[in-house]
Amino acid sequence: MDFILDVGSHSLKLYKLGATVELSETLTWDPWGGDVEGHAPNTLLKDLLFRTQQRHPEHQITAFGTEAMRRDGELAGQVSASCGALGVPFRVISQDEEAALISAAFQAEGEYSHDIVNVGGGSIQMVLGASGIPQTWLLEFGIVDLNRGFNLLSEPEARDVAGCREFVAASLPQDIRQFVYTGGELTYLRHFGVPLVDGYCDRYAFADLADRLEQLSVGELVHDSPFDPNWMKGAIASNCIVLALLDHAGLQRFVPSDLNIGHGLAAQIAETARTPDVSLPGAVSS
Numbered sequence: 001m002d003f004i005l006d007v008g009s010h011s012l013k014l015y016k017l018g019a020t021v022e023l024s025e026t027l028t029w030d031p032w033g034g035d036v037e038g039h040a041p042n043t044l045l046k047d048l049l050f051r052t053q054q055r056h057p058e059h060q061i062t063a064f065g066t067e068a069m070r071r072d073g074e075l076a077g078q079v080s081a082s083c084g085a086l087g088v089p090f091r092v093i094s095q096d097e098e099a100a101l102i103s104a105a106f107q108a109e110g111e112y113s114h115d116i117v118n119v120g121g122g123s124i125q126m127v128l129g130a131s132g133i134p135q136t137w138l139l140e141f142g143i144v145d146l147n148r149g150f151n152l153l154s155e156p157e158a159r160d161v162a163g164c165r166e167f168v169a170a171s172l173p174q175d176i177r178q179f180v181y182t183g184g185e186l187t188y189l190r191h192f193g194v195p196l197v198d199g200y201c202d203r204y205a206f207a208d209l210a211d212r213l214e215q216l217s218v219g220e221l222v223h224d225s226p227f228d229p230n231w232m233k234g235a236i237a238s239n240c241i242v243l244a245l246l247d248h249a250g251l252q253r254f255v256p257s258d259l260n261i262g263h264g265l266a267a268q269i270a271e272t273a274r275t276p277d278v279s280l281p282g283a284v285s286s
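The opening residue of the sequence shown carries number 1 in full-length UniProt numbering; numbering runs sequentially from there.
Calculated directly from the structure, the hints in this document are not laboratory data. Since we're looking at a predicted model, the values are computed, not measured. Virtual Cβ for every residue (Gly too), placed ideally from N, Cα, C. Please note that the accuracy of each hint is not assured.
Label pairs and their calculated CB-CB ranges [unchecked claim]:
id	residue 1	residue 2	range
1	His191	His56	24 to 32 Å
2	Tyr200	Gln78	18 to 26 Å
3	Asp2	Glu157	44 to 52 Å
4	Gly199	Asp175	44 to 52 Å
5	Ser217	Asp96	19 to 27 Å
6	Glu58	Gly219	35 to 43 Å
7	Gln107	Tyr200	39 to 47 Å
8	Arg91	Ser217	33 to 41 Å
9	Ser94	Glu74	17 to 25 Å
10	Leu216	His56	36 to 44 Å
11	Arg51	Val194	45 to 53 Å
12	Thr272	Tyr204	40 to 48 Å
13	Gly84	Arg190	33 to 41 Å
14	Pro89	Gln135	24 to 32 Å
Derived pair list, reagent style EDC-like, types lysine to aspartate or glutamate, alpha-carbon separation capped at 16 Å [what the hints assert, rightly or not]:
id	residue 1	residue 2
15	Lys46	Glu25
16	Lys16	Glu58
17	Lys46	Glu22
18	Lys16	Asp30
19	Lys16	Asp247
Make a model of the complete structure from these sequences and hints.
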């Protein structure tokens, strides 16, 4: 059993590898400098790594960074130094590699018939035509950017939810088929009791949840979370993305999924162990 740490732009996700891939811990953070509950960003990272090593001293942790570290070389250096001080391999991966990893996650699960939408704190990867010849559509904004750009963490009456959805829709490709939306969405919808039919979420049921959450203050949002409390600070932005996708594509339902790029990396590590002579795209080097 080893661990993979996804050092994202909105959260730290620690995956435990075994017979299956388990999301062991999620911590919301602001890597661009904002404290979370009094903890500096790098302190959260170092504490998570140290705590995991203390609990599992015989196991390796591999870490990778995404958009926040692509944008900010100084931040990438700080994260690399924190990981290196604890003997944890780390590198920053590209958006193309993120798309390859989310594809690998679904291939490993045998769930590769829909378009895939993977949303992070600072970027979005879409894998289109997944059942045929897949193409990628990469967007250089994410949850953190939408929160800031449309005041989504302000009081409800000050949020520009409509503007956010319009902005996202204008950034999408023309041809979107039935899609799966990743990154804890399944757990999120189950937590709030949104009904699913054959694994699909109906647009109207989802819109009802989105409407209810939009009326809540940030303080109210964080008191009812499927993960750590601050995870819910991304809920309104994420809901805007889903509704923009549905409306842009003229769809009445979508598939929520808990798969993430960490699952893709785990799948690639397993494949490399079976065929060590094969170099796989998106793999994180030690």
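Inset, instruction - Would you check the hint for Lys16 and Asp30, treating anything up to 16 Å between C-alpha atoms as holding? - result: 23 Å, violated
Inset, instruction - For Gly84 and Arg190, compare the CB-CB distance with the range 33 to 41 Å and indicate the outcome. - result: About 38 Å separates the Cβ atoms of Gly84 and Arg190, which means 33 to 41 Å holds.
Legend entry - Agreement of Lys46 and Glu25 with the hint, judged by alpha carbon distance not exceeding 16 Å: 14 Å, holds
Inset, instruction - Hint says 44 to 52 Å; check whether the CB-CB distance for Asp2 and Glu157 agrees. - result: Holds, at about 48 Å.
Legend entry - Gln107 versus Tyr200 beta-carbon gap, inside 39 to 47 Å or not: 21 Å, violated
Legend entry - Hint check for Tyr204 and Thr272 - Cβ pair distance inside 40 to 48 Å: 44 Å, holds
Inset, instruction - Confirm or reject the claim that His191 and His56 have a C-beta distance inside 24 to 32 Å. - result: 28 Å, holds
Inset, instruction - For Ser217 and Asp96, compare the CB-CB distance with the range 19 to 27 Å and indicate the outcome. - result: 38 Å, violated
Inset, instruction - Could you tell me whether the CB distance from Leu216 to His56 stays inside 36 to 44 Å? - result: 37 Å, holds
Inset, instruction - Can you let me know if the beta-carbon spacing of Arg91 and Ser217 is within 33 to 41 Å? - result: 39 Å, holds
Inset, instruction - Using the beta carbons of Pro89 and Gln135, state whether their distance is inside 24 to 32 Å or not. - result: Because 31 Å falls inside the window, the suggested range holds.
Inset, instruction - Could you check the hint for me, namely that Arg51 and Val194 are 45 to 53 Å apart, CB to CB? - result: Distance hint for Arg51, Val194 is violated at roughly 33 Å.
Going down the numbered hints, you'll see the structure goes against 2, 4, 5, 7, 11, 17, 18, 19, while the others check out.
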